[in-house]
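Chemist: Protein chains in written order, with the numbering used here: chain V, 2 to 248; chain L, 42 to 303.
Be aware that a few hints might be false.
Below 27 Å or equal to it, Euclidean Cα-Cα: the simulated DSS-like pairs (lysine-lysine) are [unchecked claim]:
hint : chain 1 : residue 1 : chain 2 : residue 2
1    : L       : K76       : V       : K109
2    : L       : K54       : V       : K46
3    : V       : K46       : L       : K181
4    : L       : K180      : V       : K157
5    : V       : K46       : V       : K80
6    : V       : K97       : L       : K180
7    : V       : K109      : L       : K128
8    : L       : K267      : V       : K46
9    : V       : K80       : V       : K188
10   : L       : K54       : V       : K58
11   : L       : K75       : V       : K109
12   : V       : K117      : V       : K183
13   : L       : K123      : V       : K118
14   : V       : K19       : L       : K47
15   : V       : K188      : V       : K236
16   : V       : K157      : L       : K181
17   : V       : K80       : L       : K75
18   : V       : K117      : L       : K181
19   : L       : K76       : V       : K97
20   : V       : K217      : V       : K157
21   : V       : K97       : L       : K54
22   : V       : K109      : V       : K97
23   : L       : K181      : V       : K80
24   : V       : K46       : L       : K180
25   : V       : K58       : V       : K159
26   : L       : K181      : V       : K109
27   : V       : K46       : L       : K55
28   : V       : K19       : V       : K214
29   : L       : K76       : V       : K118
30   : V       : K80       : L       : K180
31   : V       : K157      : L       : K76
32   : V       : K19       : L       : K54
33   : V       : K188      : V       : K97
34   : V       : K224      : V       : K183
35   : V       : K80       : L       : K76
None of these hints come from the bench; they were simulated from the model. This structure is a prediction, so every number in the text was calculated from the model and none was measured.
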Amino acid sequence: MIVFDNVWFSYGNREVLKGVSFSANFDERIAVMGESGEGKTTILKLILGLITPDRGKILIDGKDISSLSEDELIPIRRKFSIVFQEGALFDSLPVKENVAFFMREILKLPNEQIYKKVSELLSRVGVTDAEELMPEELSGGMHRRVAIARALAVGKTKMFLYDEPTAGLDPVNSERIMTLIKDLADKENIGFMIITHVVYVAWQLCNRFIFIKDGKILFDGGKQELILTEISAVKDFIKELFFKVEL
Amino acid sequence: MKSEPKFITQIQKKISELQDFYILCFNSIARIFKKPLYIDDIIDQMEYAGSSSVFIVSLVCLFVGMALSLQLSAELSGLGLKMYTGKIVGIAVIREIGPLVTALVFIGRVGAGQTAEIGSMILGHQIDTLRVYGIDPIKKVVIPRVVASILMLPCLTIIGDLICLFGGYYIAVFVSNQSGSFYWSSIIQELTFENVFSGSIKPFIFGYLISCISCYYGLTTRGGSKGLRTSTTKAVVTSIVVVIAMDFVLTRVLLYVLGFSL
Chain V
2 MIVFDNVWFS YGNREVLKGV SFSANFDERI AVMGESGEGK TTILKLILGL ITPDRGKILI
62 DGKDISSLSE DELIPIRRKF SIVFQEGALF DSLPVKENVA FFMREILKLP NEQIYKKVSE
122 LLSRVGVTDA EELMPEELSG GMHRRVAIAR ALAVGKTKMF LYDEPTAGLD PVNSERIMTL
182 IKDLADKENI GFMIITHVVY VAWQLCNRFI FIKDGKILFD GGKQELILTE ISAVKDFIKE
242 LFFKVEL
Chain L
42 MKSEPKFITQ IQKKISELQD FYILCFNSIA RIFKKPLYID DIIDQMEYAG SSSVFIVSLV
102 CLFVGMALSL QLSAELSGLG LKMYTGKIVG IAVIREIGPL VTALVFIGRV GAGQTAEIGS
162 MILGHQIDTL RVYGIDPIKK VVIPRVVASI LMLPCLTIIG DLICLFGGYY IAVFVSNQSG
222 SFYWSSIIQE LTFENVFSGS IKPFIFGYLI SCISCYYGLT TRGGSKGLRT STTKAVVTSI
282 VVVIAMDFVL TRVLLYVLGF SL
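Just chain V, with the same shape it has in the complex (with noise of 0.2 Å):
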């Protein structure tokens, strides 16, 4: 379970996040929304323990992680998948690298066993025939897809989060994706976390929803409750959802 209870944050001398708290179960099916520069990525990474919040408390499992080191975090953050965005591949190595390794730098497999996998993770997130091509090369929507397939190579996780896995993607592969995070989240049976700025997104995929302004929730709840809030922020951010979807 993760816990934010009253977390504050800022970069130098701007506040991105003013006592932030909610709570949220590992199967749970969570969209965080809000224009950009709102702290969205922010909420991941504290989450992540890539930064450390500068009040408040945020709990995993039961598990204050705000004053641990990097090797305490190691067993907090192997309890997560995370999809940056744009995928953060290694820009060096090529497909195939990429997707072996966190196999041959953790779990220290033979190369025989790796490559296996890697091709059998590349054919269930629908990327054939890109193994040897350096990710420059890769489309958006592959990029994301390849980066889908390197966090899966570590193994069964109890969350993924994903950081606008949609963002810059056309409509065609912005629905690949989507489909993707929700049969990979079916078949696994665990929960994600998806950070994004496109409430269509949030919607098709999720079904708990975390609003933040002005470095606060302004709303949190389900797909009902989006869609009778009376809170006017909340309302102008999920307008486009009036045009695109059936209610």
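Since the structure of chain V is provided, determine the placement of chain L on it from the hints.
Modeler: Using the frame of chain V, we list chain L on its own:
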């Protein structure tokens, strides 16, 4: 709540940055032999820092040697001391100019490249990805670059010194009409332990400093392509200033330690 004056905040920020830099310098040495060793990454970085830099180092050193020999020949012939060209070129190149010029070329080619590469890894969340999966970025990213720089800059300096001396030879013999054998014999006379030690200890220290500065600025890159430009510029400028200042300090210390009288 009363806020602190801006300059105090700035000083605190600078002290904190300096502290982070010292920690990086310390860890990049302290963790060298901690497993895993990432030998393949070290070899990759050695190839980038070393063999790929030979041509540019040679080119720059050739012209520096030629210019130095030209200046000295012109000045010394007026005093009737033209035969000392080889001796002075030898001392200047082996002790001072070779290590310094090679280090400056190394900053521009390798140091800037290290900052830009690590900076783009930061901006593309590649370093965060390593941390998430429990891989120490200092071990995986910084140490291979530091080790490669410490090992390759001395090798490049030896090559640079030789090319510099050949440049000086060309001018002394074919332009200033001096004896080639006398030029080389006066240089060989200067290959004493003191001179060679003085010139060969510097590149190890320069290599370490350049890579630590470059990696530090790479790891602290923020703010997109503009931030990357800023951090690369800062890394190059800081490295140049630090290397030149350290060259002076080392020269003073080595002169004292090796018993040269002023």
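Chemist: Check the structure against each numbered hint from earlier and tell me which ones fail, lowest number first.
Modeler: 7, 13, 15, 20 and 21
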